[in-house]
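Residue numbers (our numbering), protein chains in the order written: chain A, 1 to 90; chain B, 91 to 256.
In case anyone wonders, no lab produced these hints; they're calculated from the structure. Check the hints yourself; a few may be wrong.
[Said to hold, decoys possible] Computed from the model, here is a short list of chain B residues facing chain A with C-beta under 7 Å: (1) A108; (2) A111; (3) F126; (4) G128; (5) V130; (6) E147; (7) M152; (8) L212; (9) W219; (10) G227; (11) W244; (12) R247; (13) N250; (14) L251; (15) P252.
[To be verified] Some chain A residues flagged as far from chain B (calculated, every beta-carbon gap over 10 Å): (16) S17; (17) L22; (18) V28; (19) A33; (20) G37; (21) D41; (22) A59; (23) R61; (24) Q66; (25) M68; (26) G78; (27) A82; (28) P85.
Note that the structure is a prediction, hence the values are computed from the model and not measured. Just so it is clear, CB atoms sit at the ideal spot from N, CA and C, and this is done for glycine as well.
One-letter residues, chain by chain:
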Amino acid sequence: MSLSSTNATVTVRYFASLRELLGASETVELAPATTLGQLRDALIARGGRHAEALARGRALRCALNQVMADEATPVPAGAEVAFFPPVTGG
Amino acid sequence: MAPTPRVHIQTEDFDLSAEVAALRAGDGGVGAVTSFVGTVRDRTAGQPGTISTMELEHYPGMTERAIEAMIDEAFRRFDLRGARVIHRVGLLQPLDQIVLVVVSSAHRGESFKGCEFLMDYLKTQAPFWKKETTPEGARWVDARVADDAALARWGLRSGNLPATAA
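Excised from the complex, chain A in its bound form (with noise of 0.2 Å):
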């Protein structure tokens, strides 16, 4: 995606495999609009190992501001956004 001056910032925080490969978080510019699915790709197309983590021929789900949420949803400036895998508890 685009970098242009009217880009938000977004927190994204990483659990459990995707943690241990990139970190627990990290900010992102964001073109407006964007959605949890089109953030997704731009991390991927950073390559290396943002594109194997995030890869999508993994299964791997996502929240927006703490709830789960699909790759549809758009992602709001200021927004907590959240990558993982299928979850494990119980």
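Once you have looked at the hints, place chain B on chain A.
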């Protein structure tokens, strides 16, 4: 007065008897209490002693709120009088207790259903991740299709695993 939190995420162990007593204390309308305790197995693939430790990670804040919302949903679906969930995190050993779900109701039917619903829901929607240590090293535990199927019995779609996952 703020209600007592119904969800506790903690490293410490819990006492089933004390939690049941607290849940039904002073409520003469309770006629049934159902509890579920999940514990750490010492084995994978039926081989005893193959798991030496189990580490539990969660998403602080989201995990608590997600389970609170699940309890709200359980109250909408079933005639419950009380509910409490405790989930441990951090480093656990085989035979340790991991999770407790306790619900109370006037009669056993709603109580059994409420407890099972909450546990099925928690398994596929609460952000926890298990990492087990075996002789081959540490590995993250895979989600199970059977857990998604258990949630589907309640008319809810899990979304935890993609539909195509084997």
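Hints, verified against the model:
For B:A108, the interface hint is violated, since its Cβ never comes within 7 Å of a Cβ in chain A; the closest pair sits about 21 Å apart. Taken as an interface hint, B:A111 does not check out: its beta carbon lies about 23 Å from the nearest beta carbon of chain A, beyond 7 Å. Interface hint status for B:F126: violated, as the beta-carbon distance to the closest one in chain A is roughly 9 Å, over 7 Å. For the restraint placing B:G128 at the interface with chain A, the shortest Cβ-Cβ distance is roughly 5 Å, inside the 7 Å limit, so the hint holds.
Checking B:V130 against chain A: minimum C-beta separation of about 11 Å lies over 7 Å; hint violated. Evaluation of the B:E147 hint against chain A yields a held restraint, the C-beta minimum of about 6 Å falling below 7 Å. Satisfaction of the interface hint for B:M152 is found here, the shortest Cβ-Cβ separation to chain A being roughly 4 Å, below the 7 Å cut-off. About 5 Å separates the beta-carbon of B:L212 from the nearest beta-carbon of chain A, less than 7 Å, and the hint is met.
Here the hint on B:W219 is kept, as its CB sits about 4 Å from the closest CB of chain A, short of 7 Å. Among the interface hints, the one on B:G227 is violated; its C-beta lies about 13 Å from the nearest C-beta in chain A, farther than the 7 Å criterion. Nearest Cβ of chain A to the Cβ of B:W244: about 15 Å, over the 7 Å cut. The hint is violated. For B:R247, the interface hint is violated, since its Cβ never comes within 7 Å of a Cβ in chain A; the closest pair sits about 11 Å apart.
Against a cut-off of 7 Å between C-beta atoms, the interface hint on B:N250 holds, since the closest Cβ of chain A lies about 5 Å away. Checking B:L251 against chain A by beta carbon gives a least distance of about 5 Å; that is within 7 Å, so the hint holds. Annotation: B:P252 was flagged as interfacial toward chain A, and the flag holds, the nearest CB pair being 5 Å apart, inside 7 Å. The beta carbon of A:S17 is not kept farther than 10 Å from every beta carbon of chain B, the shortest such distance being approximately 5 Å.
With a cut of 10 Å on Cβ distances, A:L22 stays outside the contact zone with chain B, its closest approach being about 14 Å. Distance check on A:V28: its Cβ is at least 18 Å (rounded) from any Cβ of chain B, clearing the 10 Å threshold; non-interface status holds. The beta carbon of A:A33 sits about 24 Å from the closest Cβ of chain B, which is more than 10 Å, so the claim that it is off the interface holds. Remark: the non-interface label on A:G37 is consistent with the geometry, its nearest Cβ contact in chain B lying 14 Å away (cut-off 10 Å).
Non-interface call for A:D41 relative to chain B: holds, since the shortest CB-CB distance, roughly 17 Å, exceeds 10 Å. Not every CB of chain B lies more than 10 Å from the CB of A:A59, the least distance being 5 Å, so the non-interface label is violated. The claim that A:R61 is not at the interface with chain B is violated, since a C-beta of that chain comes within 10 Å of its own (minimum 7 Å). For A:Q66, the non-interface assignment is contradicted: its Cβ lies about 4 Å from the closest Cβ of chain B, within the 10 Å cut-off.
Distance check on A:M68: its Cβ comes as close as 7 Å (rounded) to a Cβ of chain B, failing to clear the 10 Å threshold; non-interface status is violated. Taking the minimum C-beta to C-beta distance to chain B, about 16 Å, the non-interface status of A:G78 holds against the 10 Å cut. Not every CB of chain B lies more than 10 Å from the CB of A:A82, the least distance being 7 Å, so the non-interface label is violated. The beta carbon of A:P85 is not kept farther than 10 Å from every beta carbon of chain B, the shortest such distance being approximately 6 Å.
Checked against the numbered hints given earlier, the structure breaks hints 1, 2, 3, 5, 10, 11, 12, 16, 22, 23, 24, 25, 27, 28 and satisfies all the rest.
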